[in-house]
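J.: Now for the letters of each chain:
Number of protein chains: 2
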Amino acid sequence: MHDALLNRIHELRDLAGVINLATWDQETYMPRKAEAARASQLSTLQGLYHERLVDPRVGEWLASLTPSTADEQALVRVLTRERDRAVKLPSSLVKALAEAQSHALGAWREAREQQAFRLFQPKLETLVRLRREQADALGHDGERYDALLEGYEPGMRVARLSPVLSSLVTKLEPLVAAIEAKGPPRDVFAGKRFPVDAQWAFTVELLGALGFDLDAGRQDRSIHPFSSGLSATDVRLTTRLSDTQPLSAIFGTIHECGHGLYEQGFSPSDARTPLAQSPSMGLHESQSRLWENLVGRSRPFWTFFYPRLVARFPQQLGGVDLDDFLASVNRVERSFVRVEADEVTYNLHIALRYELELGLVRGTLSVADAEAAWNEKTKRFLGLTVTKPTDGVLQDIHWAWGEFGYFPTYALGNLYGATLFAAARRARPGLDGELAAGTFDGLLSWLREHVHRPGARLDAEDLVRQATGHGLRDDDFIAALQARYG
Amino acid sequence: MHDALLNRIHELRDLAGVINLATWDQETYMPRKAEAARASQLSTLQGLYHERLVDPRVGEWLASLTPSTADEQALVRVLTRERDRAVKLPSSLVKALAEAQSHALGAWREAREQQAFRLFQPKLETLVRLRREQADALGHDGERYDALLEGYEPGMRVARLSPVLSSLVTKLEPLVAAIEAKGPPRDVFAGKRFPVDAQWAFTVELLGALGFDLDAGRQDRSIHPFSSGLSATDVRLTTRLSDTQPLSAIFGTIHECGHGLYEQGFSPSDARTPLAQSPSMGLHESQSRLWENLVGRSRPFWTFFYPRLVARFPQQLGGVDLDDFLASVNRVERSFVRVEADEVTYNLHIALRYELELGLVRGTLSVADAEAAWNEKTKRFLGLTVTKPTDGVLQDIHWAWGEFGYFPTYALGNLYGATLFAAARRARPGLDGELAAGTFDGLLSWLREHVHRPGARLDAEDLVRQATGHGLRDDDFIAALQARYG
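In the order they appear, the protein sequences are chains A and B.
According to the numbering used here, the first sequence holds residues 1 to 486 in order.
According to the numbering used here, the second sequence holds residues 1001 to 1486 in order.
If you are wondering where the hints come from, they were derived from the structure by calculation, not from laboratory data.
Please note that a few of the clues may not be correct.
In silico SDA-like links for lysine to any residue, alpha-carbon gap of 25 Å or less [claimed, not checked]:
| # | chain 1 | residue 1 | chain 2 | residue 2 |
| --- | --- | --- | --- | --- |
| 1 | B | LYS1033 | A | THR28 |
| 2 | B | LYS1095 | A | ASP3 |
| 3 | B | LYS1192 | B | LYS1033 |
Use the sequences and the hints to build the structure in full.
T.: This is the structure:
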């Protein structure tokens, strides 16, 4: 490969890593008054990234290249796709979007404080309009939403996604009803305090046991847990600690650890290239959901870890048996707020948002009607009556960021995660026993080989199909829920 | 000013801030295995900085500009000077230097382990040769060292510096002898343990009291204390904690706080421009030395803080009176290692290095003779006989970094710091009383006005002259030592 092109590829990945560092620092250690300076620094880095990516010479280098290996071909494909999207966006639209997002965020916060969607509505209208323009600039086959979805989930299309989500909703509704009919489990945490230092120590124990390399990454605290790969040898996770809700830290850590194991698992020979990344947000989310829900909420997992947790909280949990603890961990309940939803009802929240976004982007739903539509769908999907916008249309920050097409990747993560986990169990019939013995390297090796090492060589669904024999489907996810709750 | 030029100026300062973030993180929180990835990221950032600085368009924008204000004129002067140096360096030399530095560092570490200068010698020869080439590429009036010194201390010249350092050495030698004649003070810390958590809390108390804004900066731990300004609203300090040597954390913190107060004191209207920086390393060091030595080792300072320190360490210091504590804090002793030297003997270490560097860069001293010359000068300046290279020619990392001309800035810091502090005391006759009352904002305001706010508008000596009526001289420094030790 042309030296100049390879240098540019390395430079872009280095810049991406530094952007992740600056963002991580912003959420962890940055002093309060540095907000404006950091915004400038990030804007400069992102501007340089964009400029060095759309640089006409990169187009020429790519055009004049005849890939000599499959890896080189994959590299060129991934880079070309990213670059083509960037080139197609007029800078006037990029600028208008950045401004609209900035205004929308302020309006969204104000609207939440006032519980008044109308304060956010005009900003949301602008964002929807600009995103529709963006979709047209990027190009599509008549379905604008596809062009946006492509930014998060390359290769995925509405025509492929919609029937799967519909099927999923149809199967979830009776399942939720059946679980609810059993009545709520006892809350084993109510009224107890769990010192945060002991919680922290337990999360670090978890990270080590699950295989997260703390010499190639770290964990810190932040308000909202997240993970960020500065490189495969430098993966930052965060968790949040609350002294009344220990599950928040525990499942926050396991979730981010799933992302982190993925980031640490990219092939060293792909370092500083766009192959050392996930092909999609949905596939990335499959790794966090797999570890959080399919492993982390399972009986085998807690067979090993519950005695260790009790040892850290003997007074709080000494009298609680494993069954009651597991029931509390796996409590299922229809609720208004997505980020607090359990693994069973979660996808109903996504289906609701997906339908609304599709309507907004297609133009069949007006922003003025979005609040009513949200409330109507909450009734339909969750059987609940929204009484305030922060429980409804104002609850998520994503639209205020101008992100449309992002939500479905959470559901894709659940579905891909279940399909991958089912395949890993088929490949390792003794997996449950391994988990119950606190041995996770068998599962991790399987994921390394089939999901992590390939990086961005294949689109997400192709990778999942190659790894499991199945593409996108809800069967494995539903089967996992039925096994746990049925 | 041309919009494109101003944008470029902002971009360069943002990049500089991000380079500082990446370097800070490297020394504080970066996981061990990220070393290679971070080296790439830093190299990419530095390469971009260089490329965007030497960009011919920047030269054209600067050339076509007629500054309309004094500030604009200063900005153009500072930027042009930095750019001219960068433009003059052939990229082949930049690359050769980077490679030679990288090899030299490894050899220096190996040579230290083996106590064998000969292992380092060939690498040092290469570095000296390249730096001489660099000096010639940059241009000079026959004194190559001037071209290197200019990189750290713009405007300073050998012809100006040498006589001042000679005078200083002449005055220090009898002073050291007189102090030593009194015999060593009692060591009030010997055999005691000082829990590091309490030390940390005391350093944070110090930072707050001295006026460091912890909402616009932070303190962390690192192996070697340092400070770094990511912007005036984001200044990172580090300190080091040892449970047997509490003075290490205390004076490390005060020293870095001095740097940090300077960085926080740049004018907000200079943000994202090269005016929001120190004109020289010597002037920067004047701020750390002023707070560390002239304030932090003084009786008024400890009149206020010693009871607070005792309150944190009642068992260790409860029986130690202020006089004994002060004597321990101000212990003067000839020693081999610069970084452990007291404020009196410190400049003798610098004078030694300065003479050697001057010889190496002029070509009157060969690298092969450097070890013998170091040992001879240690005998002459400090009266000590070097018995191992890590106590002598291999002790500092600076030459392994290829830095020649850096050491004198430490001495300049001591001299400028004393001259500035003397002027502040003249301007505020009640200053000692303020310090004894734990009130530091009078001193800080004076420094803000005369040193911090001006930023890089004047060269260091011109700024000191404007602030104090005196340029570079040793009178104030010697007077301060005589007042404390005489």
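J.: Now tell me if each hint is right for this structure.
T.: A quick look at each hint next to the structure:
no.	hint	in the structure
1	LYS1033/B to THR28/A	21 Å, holds
2	LYS1095/B to ASP3/A	17 Å, holds
3	LYS1192/B to LYS1033/B	36 Å, violated
Of the numbered hints stated above, the single one contradicted by the structure is hint 3.
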